[in-house]
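Starting from the known structure of chain A, arrange chains B, C and D on it as the hints suggest.
Protein chains in written order, with the numbering used here: chain A, 2 to 104; chain B, 2 to 404; chain C, 417 to 1082; chain D, 827 to 999.
Calculated from the structure, these hints are not laboratory results. Note that the Cβ used here is the ideal one computed from N, Cα and C, for glycine as well. Where hints are given, some of them may not hold.
[As the list claims (entries may be wrong)] Simulated crosslink set (BS3-like; lysine-lysine; CA at most 25 Å straight-line): (1) D:K853 <-> B:K168; (2) B:K390 <-> B:K360; (3) D:K853 <-> B:K107; (4) C:K533 <-> C:K578; (5) B:K60 <-> B:K107; (6) C:K578 <-> C:K526.
[What the hints assert, rightly or not] Ranges of calculated distance between the beta carbons of each label pair, as one might list FRET restraints: (7) C:G1045 <-> D:T957: 55 to 65 Å; (8) B:G266 <-> C:G1045: 50 to 60 Å; (9) B:K93 <-> D:T957: 24 to 34 Å; (10) C:E562 <-> D:I832: 47 to 57 Å.
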Amino acid sequence: MTILHLCLIFSALLFSLGLAAALARSSGILVLLGIELMLNAANINFIAFWKFSPNPENGTGAMFAIFSIAVAAAEAAVGLALIIAIYRHQSSIRLQDANTLKG
Amino acid sequence: MSASSESILEAFPLTIRDWLASVVPLDWLQWLILSLIGIVAILTVFGLTFAFTTVTERKLLGRFQNRLGPNRVRIFGIRVFGFFQPFADAVKALTKEDIVPAAADKVLHFLAPCAMVAFSLLGFAVLPFGKHLSLLSNIDAALLYFFAAGAASELAIFMAGWSSNNKFSLISSMRALAQLISYELPLLLVAVPAVLMAGSLSLTGIVVNQGGDLGILNWNVFTPWGFAGFIIFFIAALAECNRCPFDLPEGESEIIAGYLTEYSGFKYALFFMGEYFGMMSLSGLGVTLFLGGWQAPCAALAFIPSYLWFYAKLIVMILCFIWMRATLLRLRMDQLMRLSWKFLVPLALVNLGTVTFWKYTADWEGGMLVARWLIAIALVILPFISLGKVLSSGLGPRKYRYA
Amino acid sequence: MPSSIDILWFIPALPLLAAFIGAISTQRMRSVASGSALSAMAVSFGLSCIALKDALAAPGVHQVNNFSWVSVGTFNLQLGFLLDPLTAFMLVMVTFVGFLIFLFSTGYMKGDENYAKFFCYLSLFAAAMLGILVSNSLLLTFICWEVVGLASYLLIGFWFFKPEAAAAAKKAFITTRIGDLGFLIGLIWLHSISGTQLFYNNGEGFLETINLVEATAPALFAISAIGILLFCGAIGKSGQFPLHVWLPDAMEGPTPVSALIHAATMVAAGVFLMARVFPLLEFGSALTVVAYIGAITALLGAVIAVAQNDIKRILAFSTVSQLGYMMLAIGVGVWEAAIFHLLTHAFFKALLFLGAGSVIHAAHHEQDIRALGGLAPRMKITFATFSIGMMALAGVPFLFSGFWSKEAILHGAHTWSVSHIPFYIGLVAVVLTAFYMTRLMANVFFGKPRSHAVEHAHENNWVMTLPLTLLAICAILLGFLGTPAFPWLQAKLLGKDLSGALEFGKIFEGPGLMITSIVLVALGLGIGWAIYGFRKRERFGDADPLEKRFPGLWSALEHRLYFDELYAATILKTNSLLASFSDWLDRWIVDGAVQLVSKLGTLLGFINRDIDEQCLNAGFNETAEEIRGIGNTYSKAQSGDVHGYLRVMAWGFVAIVILVSIALNI
Amino acid sequence: MTTFPIITLLIIAVITLGITAVALFLKNIIHCSILLAVSWVGIAAFYLWAGAEFVAFAQVLVYVGAVSMVVLFAVLLTQRKQLDLEKLTGTVGFRELGKLAAAMVATVLVIAIATTPLTGSFDAINEPVITVRDIGIQLRDNHIGALLIVGVLLTVALLGAVVVASAEPKTEE
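So that you can see chain A by itself, here it is in the shape it has in the complex (with noise of 0.2 Å):
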């Protein structure tokens, strides 16, 4: 067991954690939180990977979180935004009442 194990193993617990949020929450927006916390993982895992290289100095996996940072903000307000959406349609944030597409 190294430290790369350890922090790859905390990543992966918060992947899981973000993986409950979004299967067992029915508010959209925490859905939307658990999957934001899984890209957080994500992101531990660029930074671990990074920090145990063989050339760190070069610095891609500091870039990659911080591209992922931006695209994951985006995400966050598109997101929101459709959830209001989809308060507005239907005055609720249940994602089980947005089935409006069940066979």
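Leaving out everything else, chains B, C and D in the frame of chain A:
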């Protein structure tokens, strides 16, 4: 951190600190003590500044409004124009009953004022108070740290407003959020030019960049972009601290003090403390970015230690804040939003262009130097005039959409 | 000065840039849009000429410029550009014809409100087409191929407010997509076999390694299948039987678009692709399929064209027929003749379309040949140039380019060792071609005007006549590049010196091959003139002479042999049947199963409760409820619930990891 | 090899995971969001531990400063009645299934990571530090295209978000 070439006064705080730290033998304990001394020093200096700022503000407002202001408090029969007022206030706040509404979210209601003070103190960690005085002087992305710390204080206001479970409080916290988010943008954007000129995100680097033979003329504020940036920074800082004329979240006359409505006693005092700390740290940032930080205005005055210069500039900034409060009226919500998004943000963006121009023309001389100044000034003034026209045109009847 | 292979990518890139400019220019900046499109095409033409010069300096050499596109682990996908005489000739042709069509469009589309958008689409189209030409990778070809499809969809549906145009655009898009599916499958299959998408890569491209493959049965089968799959793409794009139905409908677009699609670009793409991958086709037995499909298409198009009344539709079916010829040529193994015909056809068909556009423009958008007539004295330049185009298409001997290229194809078909059926079909189509073109000429330009607009028609301005003139000159001169006496073009294309084979005797080879075809052309022209020339149409409503004689056959032809109806009755029906079957499956079987499970659970619960009430009275109640709960949960699996899907993804992930770890024995 | 960084890492990880776990299963969405902000700070602490200063501050600025604010806004805009908090938690079977799935994923991932042999430099505590200047130069030289694209993406996303969120049904006007 050798200070051999400096005057004794300049190195004085460091000497005391090192002397205190050398008392303990253990390495890690020494490290702990060094850090603690820094923290304690900041808390003491700015705690006292906070105390005296409140009373100064009240007295100055009194003068502005043609009255005396507080002047009664005495300790052992000494009255010093009532400057002991803050200590009396502190005793009062501590002894008052702490009322928590029955329907409040107890945990958040308690946490909010603590968070407010804690977050507003975070910013002090990176400010360079003097040539050698900075708590986290080695931090590379100090400016980013400052804004990251400032971002958190919005959370405290929201917590306060929401946990009170009171309509006015909630409205006020929504207002606060909208306002803080809107004004953080111009604040960040006008900080970028200083970074660009210094080529570093480190606040110490930015201050060092403003030193030189020209003295005061090296300060960023004495360039076209710096001047415009400073004005924008000042306005945005007013809004970030919820100071008049941007005190909508508090708005006593509309929403009965907003998120403060349900607070009393010491928690109320904590909010005030947090607000003043925020004001001081933002002033400190303004001084660092635009007013030359701890640099003396000219070489002849350099015998006065750098931290005193910094402090003096800080005081001037705070006095300006108070002056604004006494002079201007509170804005409306839509005016507030429009001012930020349609005026300050575009101007700050244009300012970014101006500073780029300035940086690329650094080697122009003679007649070209005049041209450089003229072009830069035009780049500042023309957008100001045209955007101002847009901002003030078409002011129709107002729509009440948000709060 | 960089060699032209390095700057080859500029040729498609410039029109792309023009398309971008067109996309962002507003209505007021219309001249910017058209100006940039025109200048991009002009510069591309110049570059193409340079490329042609370089390519001709070394015929038979495939210059490549490859670069790595995606590189993941050991998987390395390369794209690239290719320059050889085939590419170079096509580039010059497409840019030149394209430029003339663009020029013509500035006049034709003058009044349109979406002028800038039109040039944006045109440039996009040209860019994609040029991309296909310079591509050295089947994948890049496919990408451009799809962009061509998109651009043609946009252009055909340019007047989208007309329901027919919108429908035609959809039809073109969907029909070609069917072919493209085959293309895609073939492409992937090819990649899985050869591991590369590059045509030529200094001995490592798949067209070069194909010769090294051992001719075992599985290899032959696979390569033939790939060839046929790639041919599917060509069938779609080049309007071959049975996917030719979109091509005539595509006439709903503006006439320059028809010219562009039918003459220079889209339909040529299929033929070009076949010529490009010819070594692959040659290896397997795909060529036979190509030959027969081509022959059928050639005949079919010619037959249907006889009974059409829309001027553009007649030309469209003649395109179908001519493309059939080209495919026939490829199928019988003379791809250089196919390209020769492609080049000559591009010029005279563009000429014919633009001539038709000129007529239509002058006659206030009247396209029905029964309503036109008597235009010869009114539009002299158009008449003269159109006649040249018509004679080139009909294959009038010696002077016109169409004759030489058609001769080359027929010669190839005659020498084909497999069968002579395509050759005879081709001969029949020759007669028919001459016949329907005579009918078209007689109806449009002779007789007297049969509508008000035509009476006041007059010649268009130079923007429209200049391209006509230039194209007419080319339609004559181009034929002399590849006469049997002097097969310069073929020699360059094949990269072989054919001068040794220079025999004048070839002209009269076989059973008087050339004489036969001259006689046949004369026959077609004669019959046509006999029927339509001597007794000219008097009024709009008059029935066609042939219609009086063979009413049943005529109406079948007029309805294009009922292909559309056939497809509507079969494919569309099947499709909707399939859809309703899926619907039924979903509704009754899947949902029913779920319901059944839940009902079963409920039933079990009920039984349990009965036993319960009699024996244990309490204990099983819970169980029943539980089972019902499970039933409900099952039925919820089909609820369109996001969480459900997410959950399934999570389970799937777990399953995959477990499977992989088992497979890897970890 | 000193144990100090490992202990720091463990403390950061445990606190972050604990806060996140609590945050995600509170009934009150506001509490969730605020606690999640804290857990984002924890992740930023991890970045600091790893020496990625800039990333850490960017994380705080973006997540605590912006995303959590937007989330709180969204909560306030969508939650008119606080009474439906109970309803929001979903049915029991649904929650259990979800948690079970997540637990399985966690198990599989942890086992996969734990059984992966990582040797060599992964054990050493090297102290890579990427300065802001380095990041800036990297962004300017190697990642300029990505930077521009992200800028465009953010602009488009924000505009899209504004459009989506502000589209009001016509019937109300």
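Verification of the supplied hints:
With a CA separation close to 22 Å, the supplied pair K853 (chain D) and K168 (chain B) stays within the 25 Å bound. Distance restraint check for K390 (chain B) and K360 (chain B): the Cα-Cα separation of roughly 29 Å exceeds the 25 Å cut-off, and the hinted pair is therefore not satisfied. The straight-line distance between the Cα atoms of K853 (chain D) and K107 (chain B) is roughly 16 Å, inside the 25 Å bound, and the hint therefore holds. Of the supplied pair hints, the one linking K533 (chain C) and K578 (chain C) holds, its CA atoms being roughly 17 Å apart against a limit of 25 Å.
For the given pair, K60 (chain B) sits about 36 Å from K107 (chain B) by alpha-carbon distance, which is inconsistent with the 25 Å threshold. With a CA separation close to 19 Å, the supplied pair K578 (chain C) and K526 (chain C) stays within the 25 Å bound. The beta-carbon spacing between G1045 (chain C) and T957 (chain D), approximately 58 Å, falls within the hinted interval of 55 to 65 Å. About 52 Å separates the C-beta atoms of G266 (chain B) and G1045 (chain C), a value consistent with the hinted range of 50 to 60 Å.
In this structure the hint that K93 (chain B) and T957 (chain D) lie 24 to 34 Å apart at CB is violated, the actual value being about 49 Å. With their beta carbons about 54 Å apart, E562 (chain C) and I832 (chain D) fall inside the hinted range of 47 to 57 Å.
Of the numbered hints stated above, those contradicted by the structure are hints 2, 5 and 9, listed in ascending order.
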